[in-house]
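Colleague: Sequence:
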Amino acid sequence: MRPSDTDKPPEVARVEKIEADHRNNAKVRVRWYYRPEGSIGGRRQFHGANELFLSDHFDIQSAHTIEGKYIVHTFKNYTKLENVGTEDYFCRFEYKAATGSFTPHRVAVYCKCEMPYNPDDLMVQCEGCKGWYAKLVLYPICSSWNGFTHLSQEQYL
1 MRPSDTDKPP
11 EVARVEKIEA
21 DHRNNAKVRV
31 RWYYRPEGSI
41 GGRRQFHGAN
51 ELFLSDHFDI
61 QSAHTIEGKY
71 IVHTFKNYTK
81 LENVGTEDYF
91 CRFEYKAATG
101 SFTPHRVAVY
111 CKCEMPYNPD
121 DLMVQCEGCK
131 GWYAKLVLYP
141 ICSSWNGFTH
151 LSQEQYL
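Just so we're aligned, residue 1 is where the sequence shown starts under full-length UniProt numbering, counting upward by one.
These aren't lab readings, by the way, just hints derived from the structure by calculation. What you are looking at is a predicted structure, and each value in this text was computed from that prediction instead of being measured. Do not take every clue at face value.
Straight-line distance between alpha carbons at most 25 Å, and here's what the computed PhoX-like set of lysine-lysine pairs gives [said to hold, decoys possible]:
{"#": "1", "residue 1": "Lys76", "residue 2": "Lys96"}
{"#": "2", "residue 1": "Lys17", "residue 2": "Lys27"}
{"#": "3", "residue 1": "Lys69", "residue 2": "Lys96"}
{"#": "4", "residue 1": "Lys27", "residue 2": "Lys76"}
{"#": "5", "residue 1": "Lys80", "residue 2": "Lys69"}
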């Protein structure tokens with residue numbers, strides 16, 4: 001959807017229904033995706049650059065506000081993409097706009113820092129303990145420390 005401020009990224013919504021109003025103008029019923037910075041909790045370190053939250057916020061818009069098509073992948077499918085295009089986004093949470101709560105309430109963590117996986121960050125594996133670390137965890141925190149083996153996201157998943 002075309003944002004009101006042209007300096008902002010496009011607003012992304014899922015079209016739920018297409019219908020005509022009483023004057024035969026095309027209308028769309030949409031379910032909005034929120035960007036992390038638009039949520040009550042704000043953007044966090046583990047949110048990917050292309051991460052969106054599927055909200056419980058529905059709206060009716062003119063079909064003329066639709067600019068193009070974006071693809072919102074599941075988190076798992078997004079991490080398997082060989083090439084991420086400008087039209088590719090991912091969603092791993094549903095967001096209740098009124099309360100700021102998320103579903104699921106918890107997600108798996110992949111790092112000793114206890115943060116969920118950010119697909120934009122390189123993850124490395126300790127050769128000794130086989131533990132996974134985000135690139136921001138730069139100090140050895142296991143007794144088996146003897147360096148990192150760098151693995152691609154594909155090898156990681």
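Colleague: Confirm or reject each hint.
Modeller: Hint by hint, here is what the structure shows:
Between Lys76 and Lys96, the direct Cα distance comes to roughly 22 Å. Compliance with the 25 Å bound is thereby established for this hinted pair. This hinted pair checks out: Lys17 and Lys27 have alpha carbons roughly 8 Å apart, not beyond 25 Å. In summary, the hint linking Lys69 to Lys96 is supported, as the alpha carbons are separated by about 24 Å, within the 25 Å threshold. Among the hinted pairs, Lys27 with Lys76 is inconsistent with the structure: their alpha-carbon atoms are about 32 Å apart, more than 25 Å.
Pair hint Lys80 plus Lys69 holds up; C-alpha atoms about 20 Å apart against a cutoff of 25 Å.
Of the numbered hints given earlier, the model fails hint 4 alone.
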